[in-house]
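Trainee: Model the full structure from these sequences, guided by the hints.
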Amino acid sequence: MSTTRPTRPTPTGRRSTIGWILMLGALAALPAISTDVYLPSLPAVAEDLQASQAATQFTMSGMLIGAGVGQLVIGPFSDRYGRRLPLLIGISLHVVTSLLCSITPDIGTLIWLRVAQGFFNAAASVVAIAVIRDRFVGSEAARLLSRLMLVIGVAPLFAPTLGQAIAGAWQWRAVFYALALIRLLLVVVVWRFMPESLPPEQRRPGDPRQVAGGYAALLRDRHFMALAVIPGLGLAVIMSYVVGSPFVFQDRYGLSQGQFAAVFAINGAAIVGSAQLNAALVRRAAPVRVLRIAVVVQVCCALVLLCIVLTGFGGIVGLVAGLWLVLGTQGMIPANASVLALHHYGHMAGTAAAVIGALQSGVAGLVSPFVGLLGGGPVAMVCVMLAAAALTLLVLATGTPAYRAGGWRERDGMEPGPTTTATGTEEREAEQVQAQGPDQRS
1 MSTTRPTRPT PTGRRSTIGW ILMLGALAAL PAISTDVYLP SLPAVAEDLQ ASQAATQFTM
61 SGMLIGAGVG QLVIGPFSDR YGRRLPLLIG ISLHVVTSLL CSITPDIGTL IWLRVAQGFF
121 NAAASVVAIA VIRDRFVGSE AARLLSRLML VIGVAPLFAP TLGQAIAGAW QWRAVFYALA
181 LIRLLLVVVV WRFMPESLPP EQRRPGDPRQ VAGGYAALLR DRHFMALAVI PGLGLAVIMS
241 YVVGSPFVFQ DRYGLSQGQF AAVFAINGAA IVGSAQLNAA LVRRAAPVRV LRIAVVVQVC
301 CALVLLCIVL TGFGGIVGLV AGLWLVLGTQ GMIPANASVL ALHHYGHMAG TAAAVIGALQ
361 SGVAGLVSPF VGLLGGGPVA MVCVMLAAAA LTLLVLATGT PAYRAGGWRE RDGMEPGPTT
421 TATGTEEREA EQVQAQGPDQ RS
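Those letters in the sequence shown? Residues 1 to 442, per our numbering, in order.
Hints were generated in silico from the structure; no laboratory data involved.
A few of these clues could be false.
What the hints assert, rightly or not - Ranges of calculated distance between the beta carbons of each label pair, as one might list FRET restraints:
#1 52 x 315: 22 to 30 angstroms
#2 192 x 165: 25 to 33 angstroms
#3 165 x 321: 20 to 28 angstroms
#4 177 x 108: 15 to 23 angstroms
#5 314 x 375: 16 to 24 angstroms
#6 216 x 321: 43 to 51 angstroms
#7 89 x 212: 21 to 29 angstroms
#8 213 x 280: 33 to 41 angstroms
#9 89 x 314: 45 to 53 angstroms
#10 96 x 293: 24 to 32 angstroms
Just so you know, these numbers come straight off a predicted model, no measurement behind them.
Note that beta-carbon positions come from the ideal geometry of N, C-alpha and C, so glycine has one too.
Mentor: Next comes the structure, spelled out in structure tokens:
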């Protein structure tokens, strides 16, 4: 029996892949939008609510921690009830929390509301990844995840400028009205245009013991866990930059909000560009090959960046250039690590995606506050970024066979090849042919 079909992957006969990716990308970009629209307002929030820099930065990190918890809950829920229902509930409740954030009286309340926002944001993150795994496997899944990064990357390019314009005209609280409106529009789009990608016959029972059993199986797979934590460490690199950059560029270097938004867009373009380069590379090389090179390059670039901030070489131009190099490798890391982790778990994609998402949000949420705790300056920001990048290399080298000869073979389905789509029984048969068990990968 043929296990692949060399056809252009389209989720439905009437919808193009481009339209599908745009929709999923808009959903996956919700956390980035929630972060980046609000980002230029951090100094104003600290002043208005009489809060410390560290406490204000935690309104960003707290959202990531909430997202980590939310994905563990929503992932199995989406495997049981399908993708649409948890997505609609999550986005709708995000509208409510955004409105509550706009009237918050103190920093403590704002932090808890941002944690709740992260929890409900998790529905969009889990569903976007799970839907791709419902439909695609191998290098094609890596390519499509990289295309998602193009849509997600639009947020860093334009969201800070939008947030700065809104806050400049109506103060920082108006930013949350804008977030509520964006999510309300997405509710309408999902309700009207997004079909269900998980048929009833493929759904998993929602019994707590079976859910716990699914998580236990993932936790026992050391290769899966190593790969699943890598996107979290990658997001920690980005979030350490995100939470530190407003204070570094605006307070330390004296940039205006508009100038800061321009710098943020330049660095956002680096992430977007590298993600699209990754989409082209995985057509010619296995995702694991791209991943293991990108991780090493990122560590080297982070070391160069640390030298720049310690010596002051090049001033603000040198700092921006160094950040561009570090962030420019990031687009080649999470998509490939996620595809490698999900490859053997198509039968429980929502739960597996939830673990990846929870680690991604949780690790980043725990690591990024160290920027503020260490003083919030350029050295603190870069040191945390370097530490996260170095940990990524350590995890990949010790937790997976990525750097061992023959660690991944073509039979694991990770070598480039024809476009693959897989659903239902055909997907399971394809995986049985393509993949060995997790303990046989090396």
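Trainee: Which earlier hints turn out false for this structure, listed by number in ascending order?
Mentor: 10
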